[in-house]
Structure formats: C-alpha cells, structure tokens
Amino acid sequence: MKRRTRIGGDGGTQGFEENTLALLDTSGFNASKVSHHLDDDRLAFLEAVRTTSLITDKGNAPTRKMLEAIFHILIDADSLDLVIQSYKLLVELDKRFPQLYLSEGEQSDSSSPKVSTFIMVEEAWSPFTFTMDGHDKKWDATNHSRSLVDSSGFHTLIKEIADVSVEMKSEAVDIGFMKKMLLLQYLVTVLEGDFWPRNSTYEGRISLFHCDGFNETMVDAYVLAENLDWTILRESLLSMLLGSRKITYKGLIKSSLSAMGNLSQSTVSSEEDSCSDKPQGEELHEVDRVIALALPEVEKSTCNVLKKFIIMIMELDSSKRTADQHGLTTRADGVRTPAVEIILDELINDGDVLSSFLKVFDPKWRLEIIVQYFQKYITKNSVRTRSSASAINTENFDGLLKYLSNSKRTKSIIKKITTEAIQLLLAYGFQAYVMLLHNESEGFSDMMEDVKSNSAVAVCEDLISAFTCLRREDPNTGILCCGKQALITAAATISNLRSI
Amino acid sequence: MAEACGPLDFEFEEPIQFSPPPPKRRKKLIGLDDLLHDIQKEQKRLDEKKIKQKKFRQAFDAYDDVVDAEEALLSECVDKCEKEIHQINGDEQMTYWGIQVFGDQEKLPLLEHPELKSTGLMQLFMDKKISPLLELNFEKDEDFLEGLLADGWLLHLMRASGCVEESIATWTFNLMLYSSNMRLMQASCDFWSAIFSIRDKQSDTCNIKIDWLPRYSDLKRALQTYGFSFDLFSKASANIVMVSADSVIAGPPQNIQCWIKFVGFWCQSRDADIIASTQEVQELLVIIISLFLDRQLVGLAVILQESLHSLLNSFKEEEWPNCCDNVAKSVASRLPCNINCLRVVESIGGVDERSKQLRSAVALHFLAAILKKKASNAAMILRSLTAMNVKDKNCDLFQMYICLSLAENWISFNTLSKDKAAIHELWVTCLRNCSSGISITDLRSYASNVRSKASYLLQSSASK
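Chains A and B supply the protein sequences, listed in that same order. Residue numbers for the first sequence follow full-length UniProt numbering, beginning at 1 and rising by one. Residue numbers for the second sequence follow full-length UniProt numbering, beginning at 1 and rising by one.
Hints in this document: simulated from the structure, not taken from any laboratory. Some clues are possibly wrong.
What the hints assert, rightly or not - The calculated lysine-lysine pairs, modelled on DSS-like cross-linking and capped at a C-alpha distance of 27 Å, are:
id : chain 1 : residue 1 : chain 2 : residue 2
1  : A       : K300      : B       : K201
2  : A       : K308      : B       : K201
3  : A       : K95       : B       : K44
Just chain B, with the same shape it has in the complex:
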C-alpha cells in the first residue's frame, strides 16, 4: 500500500505523516478484528489523502493529467482493499458435513456351514459319468463350491436343478455379508442379484424355487456387526458426533457395498411383500439416507443412490404419501439439524416424482424443526423465516443460510401443496429481505453466503 501512495509525497509542501514504523513483532496470529482495524485506518488515511489531493489539484491545475492517473491508482487501491475485506470475510470456514455413522466393528461371525455337505449339489459330484474325470478330493469340497460360486457356475447349477436349497442360500448370503474375501463377496452378491431377477421374470418353463429368503432382521444384524450405531437414532440429535475432515476412525468392512446393493434388489423383488413389512422398508430408507452422511462412504454414492431409488419405488401407490411423510419426519427428528441436513436433502437426488416429493418433505420437516414450527403450516414457516431480521447483529446468519437452502428445496420440489401462489409470494419477499438487507460490505460471518444465495435464488425464481 505504501509503495502505491509513494509517488505522491514529493508533491506536497510539507512531508506527509507516514504510518508509524512497523509494529513490533506480533506474538499472536493476526485476527480478523486487527485486519479490519488496519484496513479501516488505511481507508481513512486514503480518504484524507483524497481530500488533500483535491485541494492540491485546485492549486495546481496544470498537473491535472498526472493527478488523474494517480486517482485511478488510488481507486484501484480502494478496490483492492475492498476485495481483501471480502477475502477475510470469505475465509470463514463453512463447517464440514459428516457424522460418524459407523463405530467399531463387532467380530464378524465365523463362517461354517457343515450342512453344505448334505446338499443335493454334492450328490452330483458322484455322477458316474463324470466322477472319474473330476477326481475330487472330498475333503476340499467347500473349496470346490467356492470356486463354482466365484466363477459364476453356481447360478447355472441352481437353475439346472430348479431350486436353491436353504444351505446354499444361507451360505452365499453369509459370504456376501461377512466374508473378507472380495471375490467371494462380490460373486455371492451377483448370485443373489441374478436369483432375484430370474424369479422376477420367471415363467412356467423356467422356475426356480428358493428355500430360504433373508429377512429384515438378517440385514439389520449385519449392519450391527459392521458397527452401525443404531443408537444414532435414539440419541438426541444434538449429541451426534460430528466428524472433522481428517480424523482416523474405524469404519464398516468392504461388505457394506454388498449390503447396500443387496438392499436395492431385495426390496424390489417380487418376494418383497413376504420378506419385509412397509414399516421395515421405511426403516431401511432412513438407514440408507443416514449412510449418505458418512464421509467414508462418499465413494459409494452411486450405489447408495440406486438403492434409495429402488426402496422408494417399492412402496405401493396407495401407501406412498403416508410413508413419504413418515420417512421425512423420522429423518428430520433423528439426524442433526445443522449443515448435515443440507447434505441429506441434496442426496435425495432422483429425478422421479417420488424422489422429489421425499426431498421436498424432508426439507420441510427439517425447516420446521429448526424454526420450531409445525410442518403442516407452510405459510407460518415462511412468515417466521421472513421475520428473521438479517440486519440484526444477533441474527444467526449460518442458520439463515441453512433455512434458505431448505426452503428452496421444499418449495421448488413441492408438488402437493394447494396454495402455491401465496407461498411463492411469501418466498420472494423473504429472498428480497435477505438480498437487500445485507449489504455487500457486511462483515459478519456467512453474510456473503446468505446474500449471494438469496440473490441467486431470487434471480432464478424471476427467470422462471
């Protein structure tokens, strides 16, 4: 800054008071207030200079051109200052989303299946035509069975025999959820997926019977073993551990991906009615949504999305509106109402009607929970949002930011509501309040976030 103003000095009759010699070495980090203070001082000084300069200019008209150039330089300085202020302001860290969904793993159960020896499959190995070729060592037949599974033959064998025996079904199911052998884990997941899809399109000619189907409790037990904190749901949402960006924690085993995929095709199968109640499917939906909040599972977003989608579509038409409401309510009451709720809403990202409805409902319920209002009274919620005075120093702008995002999601995906026009009007008023109520130089944390969010929403709602 000093260099920029430097050239001016020689033109003044009396030397300008320069800013005091550089302050002694500071011990603590420069705080926001210090910087602000410096900048304000600097600006004051610049203003003074400007005034002086004006006087100076009146006296020396001849130097006009030179001065003009310098004025440009000065205004550049001011701009720079302003930018810096912004930057300081912008450095306010947005909290990270993420909660610790998985705690410590329990010991994965040992996989022993003595009953496999008696399966009909094993009888096949004795077939007189092929047994001389096989030279099977019967001590190792479980290894051989594993080979059949891993290389994709088991499915064809099952199809040939037309029946999946209970021992095979439980064996593959347990391999899928508890084995640490990636190959077997994936192969059994594919096996189950294929079995379900065969059953779904089966005709009279191609029939496959299955002696055992996993229940909700089996899935739940697996999740428990992985360390999923079901008490996440019983805790008050304030006590949930937020995860910082780089902590080291134990998470779920690799099997979690099979679990997620399995939930997807399990609930879509035609046996779904028998194996899970509507209540249980709702429960699963809430679990899947909460998995989106675990940072360790970020890489599994694609399969999580697929499972979410199939769960949504497994509800019957007549039960959907009710279920949607239940799920939204339980999500909002169980998961924390902070930055995480934005993540929750955004992760329900399907393009179909049900995803949109759920997204809107979840956003509404979160919003109602934050504002401590009833979700049924839409106008009331918006009014109390509008009533938040953003100019007030004590106004929690971070909360305002979250509310704005939630309200946006709720309103733009809302397909069910009746008095749309009235809500829209209230919404626009609220946005105007925020975008005009906060000046561009507002230095409070999150002020710029709220402001730009509001003006973005305002513009896009105007262009619609």
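Here chain A stands alone, though its shape is the one from the complex:
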C-alpha cells in the first residue's frame, strides 16, 4: 500500500478554501429568520465547489473542511433541491477524487501483471468515524466532528429506512425519508470506493501466490507481503464497520434485508394508495408532489445500494475465508458468522422476505443462495463419488434441478420445504440462470463456466420435469404465477434453441 498526499503546497488551497467557505459564512445572520437566504448561500457554495473542483480542468480536491460543510448540508438541509445537489456533489467528488485508487501503468514487472497496488490519499476526508477498538487512533484525532456517521448511526439509518418504508402512506412521506435514503446511498458509495480496490489487490496477491508460490525464493517475499495483504482488508471501512462492538452484526444484516424487501414493494403499494386517493385530493400540495415524483426513483436506487452493500459483505466473507485458509487472520479479526448463513436463516423463517429477496437480488449470489438453501434440506449420501453416474452434484443449479426431477426425492423434500417456497426458489433460480447465461451482469466470469457447463436446453427440460414432479406429488397446490412464468420462458428457450 502506498500513501500519497494529494495537495502539494498548502498556500494555494488555503485561499481557495477560505474564499469558498466565505460563501457559507452567515454568522451575522439569524438563520431561522432568513432561511431562504441560508439556502441561497448554500446553493451558491455547492455551485462554487462544483465549478472549482469538478468542472475546471485542473481542479483541486476540496479540502476536508469543505467536504464536511457539504456533508453537513446533506444532513441538515430542509429543501429537496439542496439535499439532492449536495448528494450529487458528494458522489461526484468521490468519483473524481477517490480516497483510494488502484495504481495503473506502474507494472514494470511483466511477470506479475496481475498485481496492482492501491494508493491511499492520506488527508482524504471520510464521512465515517469509527475506531476498531483503538486500532487506529488517528481516526479519533482527526474526525471529531459531530456530524460524522459511526457504526451505530449507520445501523440506525438502515433501520429507520426499513421502518418508514413499511408503514408508508404516500402522503406521509417527508423530506426526512428522502434525505436518509440519499445519505445511505452516499455512505455505501464511500464504503464501496474503499472496499473494492482493497479487495482486488488482495485477490490479486492471493492468486499470484498460487501461481508462483512454488518458487522457493518468491515464497519468502510473498509471505511477508501477504501478511500485509490481509491487513489491507482488515483495515477497510467495511470491515471496521462490521467489526464494531457498537452494533450487532446480525441485526445489521437483518435490517438491510428487510429494508431492501420493503423498498422493493413500497413503490407498488404507495402507487395503489395514490391511485385511490386521486378523486378526493387530486392536487397535492406542491412539496408533496415534488417528493412523490422523486420517490420511486430514489427508492429504487436505495434498494440497489442495499443490494450492493450485502454483496460487499459476502465478498469480504469469502476473502476472509481464503485468508483463514492461509493462516493470515489473527484473533484480532474475531469470529463472524458469514452473511450468507444469516441471510439463509432469514429466508427460511420469513416467506415474505424470501419472495422479495429472490425478486431483486443479483443473479450470481441469488443462485448461490438458492443452491445453499436446498443444501440444507438435501440428505447427503454418506460418500459421494463424482465419477459414479448415479450421484448428482447438487452444488450447482442444474444438478439441483436434476435431483428434483425425481418423484421420490421430490416427495421427501416437500416434507421439509413448502411447495410454494420450492416453486419460488426454482423459478427465480431459473431466472438468475438465464440472466447469467446472457451475461447480463458484468464481471462474474468465474460463475459463467459453471453455468455454461450444461446446455441450456437440458436445464430448461429439467426445470419442466422438476415442476411436473412437484405437481404430481402435491396436486393440491397449483403452480404459482412465478412458476408458470418460468415454465413459459423455459418452453420458449427450448423451442428457440431447437429451431436453430
């Protein structure tokens, strides 16, 4: 890891900071009396930062004080315009001046093209403040501001979003809810910006270890490097957030899941509400209208952001697993139940969460979780030999479908899982499979080989026969809508592929 200072001399930026912050300086004014003034000043300030830092060619990164001022506006402002402008500015600044980035073009060594180091900008400002049991005292010293978010604040934020979105009536929605969702979006953006470069550096090193590790001299060099590498991830904001003792990790994941589920459904319900309300109060007050217009889009993106947050945790888990295997973790890392386990528990216990989760979640992980869900209920043969034709590998989706295309096995499994749940799992699993088949989601090439290993036609046929078995064994429960949808898609795929 390298550290870098972004700003050369202090002299130039000092003036820039003072000059811009002066726009905000309303100390002589009574804020409550002239709130529109305050808003104007804040807008002018945001615009000035935008202009000087982003739009100008050789723009300087805004200083810590300025970033904090922008963040403060996001938290504090009452006008939607300001909230959205400050959110946009923060996200754009984060993209343009990341706190952490991978160095490119420094790979002088041709034998190790995969290794990329990331560069950390030392004085970068972060909206988070948490210490990992006194791990990094510097955080405390520099980020003492009142407005920053700590781990419990983050959890509360997610909880509040989950609560509001479940009891939401279209008219009761206020600006506070919008603000919370945008704040969450920004915070996850920051977590991501911090996590992914670290993770890819870590993965790069690990895979390098596997390729070159047998070269004796290199091992020594890399053992040292590797020890460092797990620290890279351990020091990530995400890991510090999850490791914090102020929150219960399980609770955080559960809240995230329920917030995700509620958000994905609330657009539907809020729309129905507003439809029925229309005759009486066709003309909402403008402020309500503004929020009502903006809400669906923000809810959708917040739902996406929560998805990304959960995926990030699962990636961290799997990196941790490899670190464990290499003996790189220490007691300081603590023990954490993998997120997948917690999610599975939730899905098994709560049917509502199950369907909303399956509908929205990312295909790669959706498939993975569905497979693991079934794993829990499939009685394993004492010894499974891969070579024998009779044994079916149920650790991937097509194997699973094959396994379920058998009346006997289906009979035993519907004693453990409800037919409805099985249908949901199979249908949305199939959808994820089709999505991966067409490579809709980018960047998950490792999964692709698994998906493509069997021909699509076989998978479609297995799906149909699995559903046929299900119907035969449990004639009382009809095929659910999602099941029918999956079947039609399967039939269409078969007829199309056959015709080629």
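Fit chain B to the given chain A structure using the hints.
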C-alpha cells in the same frame, strides 16, 4: 440601545435629552426607510455623544480608564448598528427561480391492445409439454402478460424468440408512458432499456429484431398529454408564468420519470440515426433543459442530468459545434432572461467538454440577450457590462448580478475563443469596477450580492 448608553447619564452635569417617548403604536409594518431613518438618527446621536464624551474626558482625566471601557461599549454599539443595517439590506428577497412548464394534463389514453392476443407469445402458452401445468385461463392472458413484464420474464422470452413483435413493443411503450400502475411503468422502462442495450452490444450469435421503434413524435405526444406547454416556446419569454414558491398546481404524472429516462437511452442507441433527426435531438435537448426549471421536478435532477448527458453525446463530432450554437440560441430565446437563466446555466453541469461548451454558449447567449448585443462580439458585450455604472442610483443591480454570474460561466468554460487574454483583462476590469464601486454600506437592494459576487470572482480569478 438605550440601556447600553444608560450608564453615561449620571456623569453629565446636565441630564441628556433622551430620545422622545416611544412613538405611538404604528399601524403599518416598519418599512426599510423607517428603520434606516431610525438608525441614522441613532448614529448621529451616538456621534454627538462621542464628541461630548471627548470634551468630558479632557475635563476629567482621572476617569480615563472607565471611559475607555465605555468607548469600547460604544464602538460595539456602532458595530451592531452596522450589522443591523446589513441585515435589513440582506433581507431583500432574491426572487425564486421556477416556471410553470406543465399545465393541465390531458386525459391519458386508454390502453387497449387487442392485437396482443395474436402474438407469437400467446402461441407458446399452448405448448403441449407445459400447457397442462399452466392451466391458463385465457380470458386473463393480458394479466398474465403483465405479470411476465413486471417480474422481468418478458425480456428473456423476447430474447429466446429473438424478436420483439410490434404489438409487444407498442404495448410496453404505452404502458411505460401512460399507465398509472407504477410497477408496470417501471418494468416496461427497464424492459426498453434492456432491449436497447442488448441491441447495442449484439453480435451474430445473439440477435434481437425489433418490429417497431418509437419516434420523436411519439415522445412529443406523450409530453403533450402530460400537459407540457409547448407554447412555452412560442410565447414571448416575458409572458411565461413565474411560479411562486408555494403554489398549488397540477403537474405531470409519475410517468414523466420514465419519459426522461427513456429519452436518455433512446438517443444513445444505435438506432438513434433512424428514429430521430439531428433537429429533433436538438429539440429534445431544449425540452430537457427547460424541465430543469420546473420546481416539481427538482427531485428528478439526477435522471435529468443523465438524459442531458446522453443527448449531448449523441451528436456526431462534426455536427456538434453547430448544434451547440443552435441549442444555446434557442434556449436563450425561449426561456426567460431573469433569475431562471442562472438556474438553466447551472443545470448544465456535466464535467465533459461538451457540457462545458454548451454551458458557456448558453450563458453567452443569455448575456447577449439581456444586454441586447450580438453574441458574436465578445469584447463588445464585456465593454458594455463594464460601462454599467454601479454607482448610478438607477443602475439595476439585480440585472448586474445576473450578468456577472452569466459572464463568469461564459468566460470560465469557454474553450473555443481566440483572444482569451484580452477578454480576461476586460473581465477583471469589470469585476474591479463592481467590487470597488459599491461600498460595503451601500443600502440598495442587491448591492451586497453584486459586491460579494464580484469580489469572490476577483479573488478566484487572481488565485488561478
């Protein structure tokens, strides 16, 4: 104020004339002039006191220390007065931006698609292998189709069959723009977005044919139904209704967000050449820019920005300079030249070259329109801006404020102009005029706005 000066009284030989007993109850609100008058009187009185105090001090040297403390108190009073004046001055309300872009909605068309029954998709339902499982009730197949769309299956079906039939295309397009069912609306928007992106990266192996593509006229019709006032553009800009901050008006339906998003990916698709002419894309760009001015759409700023960005990038390299100029011209001539034009300029906020060029051009054209000069003569515009005498009582400082902001945008994002140095020099002169021409105690409305704007710009142009 009286309490602060109170302690002084006992030290004078003759009792000081106190300000007259409190005036009778005023019926009207205190006006700016009254306050000003009071303050001036107060200050006069304080000055007199100071003079008296000096005399007094000469007489009683022994009391020096006490007096010093009191002097500090007094100067504090004066400072407070000055601050108050500022506050009074600052209370001048900056006009709100915002125009009424959307009037009353027309009735959204009824969505009936009898031709859906004959699609190839429906034939699939009869597939002998699965039909016993489906138990479809054929009266409800449109509901079933809606389910396929809402849960994201339709796209996979289309991909499997390799073709989007006309009936499906128009059906989803109409759902997106006219349905009041949020779920279907969003799902069809996602559907179209996916179809376009598949078509963009399609190869020989994965081919998807589409029988119908929406045209500009289809988009325009939808906007008309939402109540978009196209006559906004034919009206003289002075007649455009300005919206006050808290009025109640009917606005566009929720579908407007899909409309905005659709414009974004529609114009970027590889079919863009076929479906819209350059002229039409310019028109759309102007429409999107005018949407920024509707306060009801403030919450959609993010997607508006994205659409604006894709529209800008859909122009070909060789046609861009010309289009940029056309768009800027038509924006400046159609939208009002008041506080709104600042909002327009600021909303073109992309960081790419084209956004900057458009921003600069729009600012220039607005400035030219306000100053009634030709946009081609840059030096002339700046000279006439410099010639505005800010000391003159009749000088419209609000207009000056707008001009300064416009000029700043024009000059700092201008990448095309040749004689940069000369323009810069003129600009600095103009800024100096404003910042030194207006004293800090100037009480005219917007005087402090102009002054602080000018000095801010001056400082930042010096630090560059």
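Against the structure, the hints:
no.	hint	verdict
1	A:K300 to B:K201	holds, 25 Å
2	A:K308 to B:K201	holds, 25 Å
3	A:K95 to B:K44	violated, 57 Å
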